[in-house]
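Based on the sequences and whatever the hints tell you, model everything.
One-letter residues, chain by chain:
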Amino acid sequence: MRRLDVREHLPSILVATLSAAFGVALLQVTGMLAVLVAADDVTGSSETVQVVLGIIALVFIAIAVYVGAIVTANTFSTIIAGRIRTIALLRLIGSSAAAQRRAVAGEGLRVGVIGAVAGAVVGTLVTVLIVRIGVATSLVPDLRFDYAPPIVALPIAAVVLTTWLASWVGSRRVLRVSPIEATGTAQEESLDESAGHRARNVIAVVLLVVGGGILALAVVVGLVNPVAVLIGVVGGLFSFTGFVLGAHLVMPRVLRLVGRAFGSSAPARLAAENAVRYPERSTRTTIGLVIGVTLITMFAVAVASYQQMIREAQEAQPDVYQGIDQVLLATVAVFSILMGFSALIAAVGMVNNLSLSVVQRTRELGLLRALGFTARQVRRMILVESASLTIAAVLVGLVLGTFYGWVGAQSLLGAISGSPGVVAPTVPAALLVIVVVAAALLTVAASVTPARRATRVAPVAALARD
Amino acid sequence: MTTSTDTLVARVEGLGKTYGTAGTSIAALRDVTLGINRGEFTAIMGPSGSGKSTLMHIMAGLDSVSSGRVWLGTTEITNLADDALTILRRRRVGFVFQSFNLVPTLDVEGNIVLPFELDGRRPSADERAWIDQLVTSLGLGTRLRHRPHELSGGQQQRVAIARALATRPDLVFADEPTGNLDSRSSREVLALLATASREYGQSIAMVTHDPIAASYADRIVFLADGAVVRDLARSSAEEISAFMLGMERA
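Residue numbers (this note's numbering), protein chains in the order written: chain A, 2 to 467; chain B, 435 to 684.
These are calculated hints, taken from the structure and not from any lab test. The model shown is predicted, which means the values in this text are computed figures rather than measured ones. Just so it is clear, CB atoms sit at the ideal spot from N, CA and C, and this is done for glycine as well. Hints may be right or wrong, so weigh each one.
If you want a taste of the chain A side facing chain B, the calculated C-beta under 7 Å gives, among others [what the hints assert, rightly or not]:
#1 Ala267
#2 Glu274
#3 Arg278
#4 Leu368
#5 Ala371
#6 Gly373
#7 Phe374
#8 Thr375
#9 Pro460
#10 Val461
Interface residues of chain B toward chain A, partial, derived using beta-carbon atoms under 10 Å [what the hints assert, rightly or not]:
#11 Asp516
#12 Arg525
#13 Phe531
#14 Asn535
FRET-style restraints, in silico, Cβ to Cβ [stated by the list, open to error]:
#15 Val118(A) x Glu510(B): 56 to 66 Å
#16 Thr452(B) x Leu176(A): 42 to 52 Å
#17 Ala625(B) x Arg201(A): 43 to 53 Å
#18 Leu93(A) x Gly454(B): 23 to 33 Å
#19 Arg579(B) x Gly107(A): 43 to 53 Å
#20 Leu93(A) x Ala671(B): 33 to 43 Å
#21 Leu176(A) x Ser482(B): 32 to 42 Å
#22 Val251(A) x Gly575(B): 32 to 42 Å
#23 Ala461(B) x Arg199(A): 52 to 62 Å
#24 Leu578(B) x Arg199(A): 26 to 36 Å
#25 Tyr67(A) x Gln567(B): 54 to 64 Å
#26 Ile521(B) x Gly83(A): 24 to 34 Å
#27 Arg525(B) x Ile204(A): 52 to 62 Å
And the structure:
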C-alpha cells in the first residue's frame with residue numbers, strides 16, 4: 002500500500018476536518034439549544050423546536066459536506082494529473098489501471114478518516130469553548146449538556162464516505178493513463194476536449210432548460226400561493242446541477258473576459274492564458290467557490306427582497322406586520338454565518354488547487370525564468386491568475402445567487418397579503434462589499450504560497466531532461 | 435586560438451563547481467578555463483557526467499559557481515544578483531533546449547516575441563523585419579497562429595531557434611538541440627544553426643554528445659570528468675567519433 006503523502010493530502014484533510022468539525026459542532030450546539038429550550042419554563046418542552054433546529058442544522062451540514070466533496074474530488078483530480086508519469090510507470094511494470102485507482106481511493110478513505118476524526122475533536126473543542134464562554138458570561142445556565150449525542154456520528158460518517166467517494170470520482174483519469182506515457186518526454190498535454198463531452202453537455206442543457214422552466218413556474222404560482230417555493234427548490238436543484246455539469250463551457254469564457262481586464266503585459270497575458278488553458282482544471286478550481294458565493298448571494302438577496310416585500314406590505318397593512326424586523330435580522334445573521342462556512346471550505350479548495358497547479362508547472366516556470374521572467378514578474382503572473390479565478394467565480398456566483406434568491410423570495414412571498422406582485426431583486430450593498438473584500442483577501446491568500454513556490458523554481462529546472 | 439577579450443563572447447576562468455555537502459560532494463567542474471569566440475559555432479562535447487551541461491548552465495547565468503569567474507562579453511556575471519542575471523538572460527542570451535520548451539499557452543508568434551514582451555516592449559520596426567526574415571527562412575510563415583502541440587518536433591525546434599535568434603543575443607546556448615528529433619529534422623536544425631552563425635555572425639554554444647551534430651560546428655571542445663581535455667577546429671563526424679572512442683579507452 003502506498004504510504005500516505007500527508008503534505009500532498011493536507012488540503013483535503015483540512016477540508017474534511019472543516020466539514021466534520023462544522024457538522025459536529027453545529028449538532029452539539031443545536032442539541033444544547035434544545036436542552037435550553039426544554040429547561041425554559043415559558044416555552045416548555047417543545048418537541049417541535051428541537052426537530053426544526055435539527056432539520057435546519059442538517060441542511061447546512063449537507064451543504065457543507067456537498068461543497069467539501071466537490072472540492073475534494075477536484076483536489077484529487079489535480080493530484081492525479083501531477084502523478085501521471087508515476088502511474089504510467091507502474092502500469093508499464095505491470096500494475097492494472099483498476100488497481101491503481103483502488104490505491105488512490107484507499108488514500109481517499111484514509112484522508113476521510115483522518116479528517117473526520119480530527120474534525121470531531123476540533124468541533125467538540127469549539128462547542129466546549131462556546132459553552133464555557135456562555136456560562137462564564139452567565140448567558141447560558143450551567144446545565145448538563147450531552148457532548149456526544151448519537152446524531153453527531155452522522156456528519157462524521159458522511160465526511161468519511163463523501164471523501165472516499167470524492168477520491169474515487171476524482172481518480173477517473175487514472176483509467177486513461179497509458180503505460181507509454183512513462184517513456185515520453187514531459188510534453189504538456191493539450192486538453193481542449195471540453196467540447197467532446199457531448200452526452201454530458203446535452204444533459205446539462207436539458208437540466209438547465211427544465212430547471213429554468215420550473216423556476217419560471219414557481220414565480221408565477223408564487224403570485225397566488227406561497228407553496229410555490231417548494232416548486233422553486235426543485236427547479237433550483239435541476240438548473241444548478243445542470244450548471245455544475247456544464248460549467249466547463251461557461252467558466253473558461255468568463256475567465257477569458259476577466260483576463261482581458263488585466264491588460265496586455267506579458268505576465269497578465271500569460272496568467273489569463275494559464276487560467277483558460279485547461280478548461281477542466283480551471284472549472285474544477287472555481288466551481289467550489291461559485292457554489293459558495295451562489296449560496297451566500299442567494300440567501301442575502303432572498304432575505305433583502307423578502308424584507309423589501311414585507312416593507313411594502315407593511316406600508317399597506319401596518320398592523321399585520323409588527324415586530325417582524327428583529328426576527329428577520331437575527332435569522333439573517335445566523336444563517337449568513339452558517340452559509341459562510343461552506344464558502345470557507347470552497348475557498349480552501351481554491352487555494353489548494355492553485356498551489357497544486359503551480360507545483361505541476363515547475364518546468365514551464367523554469368523556462369520563463371530562463372528566458373528572462375524576473376521573480377517579480379512570476380509573482381505577478383500567479384497573482385493575476387489567482388485574481389482571474391476568484392473574480393470569475395465571484396461574478397458567476399453573484400449572478401446565479403441573485404437570480405435564485407429572487408426566485409426564492411418571489412415564489413414564497415408573491416402572494417402575501419398586501420404584496421406588490423412581481424418586484425425587482427434587491428441586492429444588498431453590504432453583501433457586495435463583503436463579497437468584494439472577501440474575494441480580494443482570497444486572491445492574495447490563494448497566491449501567496451504558490452507564488453513563493455514559483456519564484457523558488459530555478460531556471461535550470463527548464464533544462465532538466467525529464 | 436585568440437584570447438583577447440573583444441573576440442570572446444563568453445569566458446570562464448578557473449571555474450570549479452561542486453554539488454552536495456562536505457562529506458558527499460561531487461566535483462562537476464574542476465578548474466576550467468575556456469573562451470567562446472564571437473561569431474563562431476562552438477560545440478561542447480563529452481560523455482554523460484563530464485560536466486558539459488553544468489558548464490553551459492553557469493555560462494548562461496542559470497547556475498552559481500563554487501570557484502572561479504564567469505564573463506559574458508565584458509560583463510562579469512560571477513556574482514550578479516538574480517534580477518540582474520534575469521535581465522541579462524532576457525536581453526543577451528538565447529536558449530534552444532532539447533525538449534523544445536515552448537510556452538504551451540502561446541502560439542508560434544507569441545513564443546517568438548516573448549523575450550521582447552518580458553522586457554515590456556514591442557519589437558521595433560527593425561526587429562520586426564528581422565523576425566519576419568527569420569520566420570520566412572525557418573519556414574514558419576504559415577504556422578504563426580498554431581500552438582506548440584499542433585507542430586511536429588522539428589517545427590517546434592525551429593520556433594525555439596527563431597525565439598533564440600529574435601533578440602540578436604550575444605550568445606545562443608543550445609542544449610542537445612537534436613536530442614528529441616529524427617535524423618532528418620536533426621540535420622535541418624543543425625544546418626539552420628550553422629547558417630545563423632555563418633551568415634548572421636551569431637555566436638552559438640551547443641552542448642551535445644552526438645558526433646554528427648558536433649561536425650556542424652566551427653570548433654569542438656571536449657570535456658571529461660569536469661575538465662577540458664581537447665580543443666579541436668572543425669572536424670568530420672568520423673574524426674570526432676574516433677577521438678571520443680580514444681577517450682573511452684584512455
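Violations among the numbered hints, reported as their numbers in ascending order
none
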